[in-house]
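Chains A and B are the protein sequences, given in the same order. Mapped onto the UniProt record's numbering, the consecutive letters of the first sequence carry residue numbers 1 to 577. Mapped onto the UniProt record's numbering, the consecutive letters of the second sequence carry residue numbers 1 to 577.
If you're looking for bench data, these hints aren't it; they were derived computationally from the structure. As the structure is a prediction and not an experimental result, all values here were calculated from the model. One or more of the hints may lead you astray.
Same chains, same label: a pair holds when it works inside one copy or across any pair of copies.
Claimed, not checked - List time: in silico DSS-like cross-link candidates among lysine-lysine, alpha-carbon distance up to 27 Å:
1. K63 - K52
2. K275 - K465
3. K465 - K63
4. K123 - K12
5. K34 - K126
6. K437 - K556
7. K275 - K497
There are 2 protein chains.
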Amino acid sequence: MRASRYLIATQKETPADAEIISHQLMLRAGMIRKLAAGLYTWLPMGLRTLRKVERIVREEMDKSGGQEVLMPAVQPAELWEESGRWTQYGGELLRMNDRHGRDFCFGPTHEEVITDLIRNELKSYKELPANFYQIQTKFRDERRPRFGVMRAREFVMKDAYSFHLNAESLNDTYQVMHRTYCSIFDRLGLDYRPVQADSGAIGGSASHEFHVLASSGEDDIVFSTESSYAANIEKAEAVAPAGERPAPGEAMAEVATPGQRTIAAISEFLELDVKRTVKTLLVKGEADEDGNAGLVALILRGDHSLNEIKAENLAGIAEPLTMATDEEILAAVGCQPGSIGPVNLNVPVIVDRSAAHLADFVCGANKDDYHLTGVNWERDVPLARVEDIRNVVEGDPSPDGKGTLEIRRGIEVGHIFKLGNKYSQAMNATVLDENGKTAVMEMGCYGIGVSRIVAASIEQNHDDKGIIWPDAIAPFEIAIVTLNGHKSPTVAEAGEKLYEQLRQAGYDVLLDDRNERPGVKFADMELIGIPHRFVVSDRGLTAGTLEYKGRRDADKQDIPLEQALPFMVKASPRKGL
Amino acid sequence: MRASRYLIATQKETPADAEIISHQLMLRAGMIRKLAAGLYTWLPMGLRTLRKVERIVREEMDKSGGQEVLMPAVQPAELWEESGRWTQYGGELLRMNDRHGRDFCFGPTHEEVITDLIRNELKSYKELPANFYQIQTKFRDERRPRFGVMRAREFVMKDAYSFHLNAESLNDTYQVMHRTYCSIFDRLGLDYRPVQADSGAIGGSASHEFHVLASSGEDDIVFSTESSYAANIEKAEAVAPAGERPAPGEAMAEVATPGQRTIAAISEFLELDVKRTVKTLLVKGEADEDGNAGLVALILRGDHSLNEIKAENLAGIAEPLTMATDEEILAAVGCQPGSIGPVNLNVPVIVDRSAAHLADFVCGANKDDYHLTGVNWERDVPLARVEDIRNVVEGDPSPDGKGTLEIRRGIEVGHIFKLGNKYSQAMNATVLDENGKTAVMEMGCYGIGVSRIVAASIEQNHDDKGIIWPDAIAPFEIAIVTLNGHKSPTVAEAGEKLYEQLRQAGYDVLLDDRNERPGVKFADMELIGIPHRFVVSDRGLTAGTLEYKGRRDADKQDIPLEQALPFMVKASPRKGL
C-alpha cells in the first residue's frame, strides 16, 4: 500500500477521554474512531489488524474441526423465552421491536439460536460430536462502555458451540478447544494465562478463562508461585489456615465503641490488629415456597473481602447476591450494620474458613455502639457452617498445596465453558443414542473477544513512541520510508522497486511515499507500530545501502540494497522463501 | 473437507414456503436455514460460498483503490437527524433505544456515519479523492421479507462511499466503480447488465443498477434491440411517437356509459381500440407555502401505465406520489374516478407524450356514467403540459433512436450513485480547496448485495438436480465420491490420496467419505452443485482409472488415476500450476 493513497490518520495529542494506553494509541495511530459511547469505526489501518486476528482465529478453529456458520445478529425473543434468558438477562441485552411490534434482541451471544438450529438438524448420535463457530459482530449494552474497543458495546466475537452425546465427548472437545485457544494466543504473540473460572451464571461444570496479562486489566487473576495453578479471583479457592484453631485465652466482654462503625475504626479504637476482628454481612437468603426470604449472615475476617460469586453459589443464599438494606437489618437485628456480630444473632450464620480459625476475636454486639471482645467459636457462639466465601489475597497458600498465591491483572480474551445440558434441556435438543433412545445433548461453548484482542495486544506491546506489533497481526509488516522521494526520482524509484520486491515475496508493505518531513514519517511509522522499517535515501543509495530498524531495536543498521529481501526473510520467515 | 465430519444438511423435499428456485435450492442443499421471517443462518456449506463472493468483491474493491473500513451496525439517531432521514426513512429503518433511552437504529446504509467520519478526518483537497468501503451485516425491516436471502431483513452488503473536491473527480471515480462492478460480476460468472436507473429518492445526478437477468427478478429492465441502451423501467424514457398528431376527424360528443368505469369496460362498450382512449389519474399536487395542496391530473393512453417515479420527479407533484382519494375526487371534480377526463377539468393537467399524440379519442366527461368521444387536443381541450410519465412497453422505440425496446426481468445486485452534495451539504462535510477556501465535498456511493448474489447466481445456474456453481464461488470446487469406501480400504486410501493431492494443489475439495449409498452421495453432490466430481471405485482402481463428470456434462469419462491433477488444472486452471 502506498501511504499517499491511504488514510494515515495519526494524531499527536493524546485524546482526553482515553484512559488506558491501548485506547490512546488506537486513536492516535488512526486505527479506530468513536461514533458514540461504546461504538467505534475501524479505520483502514485498524481493520487490517482486526482481520489478521480473525484469520488466525479462523484457521485454528478450522484446524480443530470447527465448522464456520453465520447466524443472524437479530434474534427473536421466543427463543430467549424458551431458555428463560429473556427475563433473566439484564440491561445488557439490547431489545427492540420490528415494524410488526414483535420482540427481538441484538444478540450478545448465540446459545439459543445454535441450539434451535441443531435440534432441528441433528437427529442421531452418529452426527456427534459437532462444533460450530462464527466470527460476528455482537452487541452488549454495557452500562459504562469504556477503554475503547476493550469494553465496547458493539464488538467482534468468535463464538463456538459444541454438541455431544455425553459428558466424556464434551470433555474431549473441551480439551481440544483449550489447546486450540493456546495455539491461537501463541500465534497472536500474547503473554496470556488460562485460568480456572467460575461457571456459575452460565451454568455447567467447568470453565476456563484466557487472560492477557496487563496492568490495565480489569480482572484479578491468581497464580501459584510454585505450580501451574491459576484461577480468576472469583474462582480461586481460599484454603483453611493450617493447624488447629487456637484455644480461647480471653473472656468475652462487651465494650462501648461509640460511633465506631467500620472495621478500620474499631481496630484503631481498640488498638487491635484488624486480623483479630470479624465483619458480619447480612444478605438475602433463598426464598421459600411462599416467596419469603429471610436474611443470612456472612462472617469474614476483618482484613478479608467477600467473594460474591462464591457466596452466591452457596445453598440458602439468594441469586443474584443481594445485600440487606439498613432498614431490613434494623428490623431483623435491631442495630445498625456496623454493629452486627454472630453472638446470639437470630439469623443463620455462614463463617469463612479464615474467620472460623480465629480465637479471642472482636465482633459487633448486635447493639448500636457496642462490640464484643475475646469472642471464641464454640464457647461463645456455635460454629454451624464454615465455607469458603472470601477473595484470596497475595501470600495465601495455593489450593494445590504448592507455593503461595500471587495476584496479577488480566484482560479476559477467551472463555471456554462446559455448558452441560442447561440449554439443550430447556430447549429439548435431543438425538437418538446407540439404543434408539432419546438423549439430551451435552453442550460446550467457547468465546474469543476478537476486537478486544487488538487492544490487549497493544497493552502488552508498546513504548513511548507508540504501538509495537507482533509480525502476525501488524497492519503492515514492513514500512519503507523514502526520504525526499518527491524531489529525488532515484529515491522514489528505489522505494517503488523495494516495495514491489517485498510485496511479491508475500509481505504486507506500506510504502511511505508521502510528501512529508522525514521526522513526521518516522514518528508515524513508529506510532502505528510497524515492526520492520527500511529507509531509502540518496545518501544510502550512493553507498548502495538501505537503513533497517526493527521496531524494538535500539539501533539502525545499514543493509546492502540487494540484501533487503534475504534480510527480511531471515527476520520474518515467509513460507516458500 | 471430509463429508463425514461436515454438516451435509441436504433435504429431499422442496420446502413449502420457498417460492423461487434459489430459495428452494439453498434450503435443500443445506446452505441456509430460516431463524425467523427474513432472518437466515448460513450453514457451513452456504457460508463458504458467501465468503468467496465477499473475497472477490474485496479484491476488486482493493484493486480499484478502495480502502476497507468497518463502521458500527448500530447508529445514533443524531446523525440521521442531521441528514433529515430519521423522519424521512420509513418502516424499514429498525429503530431501538439503548438502556439509557437514547435513539439508535440498526443501519440499513451508512451515508451518515461515513460523512460524519470523513468531515472529521479529511481537511484538505490533497486528501481527495478517497473511497471507503465495508462488507457488513445490514438490516432493513422489509414489510414482506421473502425469497430467502434474496429479500431478507438481515443481509450482507458491500457499501462504498467516495469523497471528492468536485464533480469531475466524482465522475472519474464513478466510472472506475462502474468498471470495478463489471469486473466483480464477470468474476462471479453472472449474466448481468448495468442499466441506467433513477436516483430520485437518494438524490444525485446519475445512477446505474447492475441486474442479474433472471425470470424470478422483481425488476423490469429495458434494453434496446440494436444498441447498448439499457435502463430500469423506472428510468427508461418513453419517447414521443414519431410524426405529427393526426388532424381531428370527428366531432366531440357526449355518450352515456352507464356503469362503465374502467378503460377495458369503456373500450368494450364503445367497441373501440383501447389505444383510442385516455385515462385520467388524479394525484396530489405540491403543497404551497401554507401547506395546501391541490390535485393534478395525469393523462395516459388507455393501454399505458403510469410510471410513478417519473411522475413524482415532476415539478408541481407531491413526493411521494399520492393518489387522490375517491372523496377528494368527488369534491374536486364532482364525479367518480372512472369518469374523469381532461375536457373542462378544473385542475392542472399533465399529458403523457403518447396520449398527447392522439386524435379523436375517448375520455371521461367529468360526470358519472358519461364519456366524451371524438375529443381532440387544442380544439376541445388545451394541451398545456406534455411530459414522459408512462412506463415503456415492449416494442417502444429506444430513446437513443436505435432499435426498439425489449423488457426482461432482473435481480438488482449492485447500484452506484452520484450522490453529489446531498449528505455533505446537510452535514457540513467540507475541505479546503487549492485556494484555501471551504468547499463542500461531492460524494458517490456504491452498493453490492453480497448475500443476494449467492441467490442470484443460483437463479441463473441450476437444473432439475440442483445448483450448478461457477468454480469461482462453489463451496467446494471438487467432490471426490468414494464408492463403498467403508468396506474397501483400497478405495478409501485412493480417495484420501487424491483428496490430499488436489487439496495441496490449491483446490477446495470435499471428500465424500460418508457411509451412504452411491446414489445418495451422487444426488447430494449434484444438489449442492459442486462443479467437478471424481468417483473412486474398486472397479475403476482395478483399471487404473477414476470417473470424472463436470456438473454440466451430459456424460462421465474415465481418467487415468495419475492424470487427475493435470486434468483438473486444465479444467480449472490454478495459479502456479
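Consistency of the hints with the structure:
Taking the shortest Cα distances, K63 and K52 sit within 27 Å of each other both inside one copy (16 Å) and across copies (19 Å). In the homo-oligomer, the alpha carbons of K275 and K465 never lie at most 27 Å apart, since the shortest distance is 46 Å inside one protomer and 79 Å across protomers. Taking CA atoms no more than 27 Å apart as the test, K465 paired with K63 passes in neither setting, with 37 Å inside one copy and 32 Å between copies. Proximity of K123 and K12 under a CA criterion of 27 Å is satisfied inter-copy only: 16 Å between copies versus 59 Å inside one chain copy.
In this assembly of identical chains, K34 and K126 lie within 27 Å of each other by CA distance solely across copies; the values are 24 Å between and 48 Å within a copy. Proximity of K437 and K556 under a CA criterion of 27 Å is satisfied in neither setting, with 70 Å inside one chain copy and 43 Å between copies. When the C-alpha separation of K275 and K497 is checked against a cutoff of 27 Å, the pair qualifies neither within a copy, at 71 Å, nor between copies, at 70 Å.
The earlier numbered hints that this structure contradicts are 2, 3, 6 and 7.
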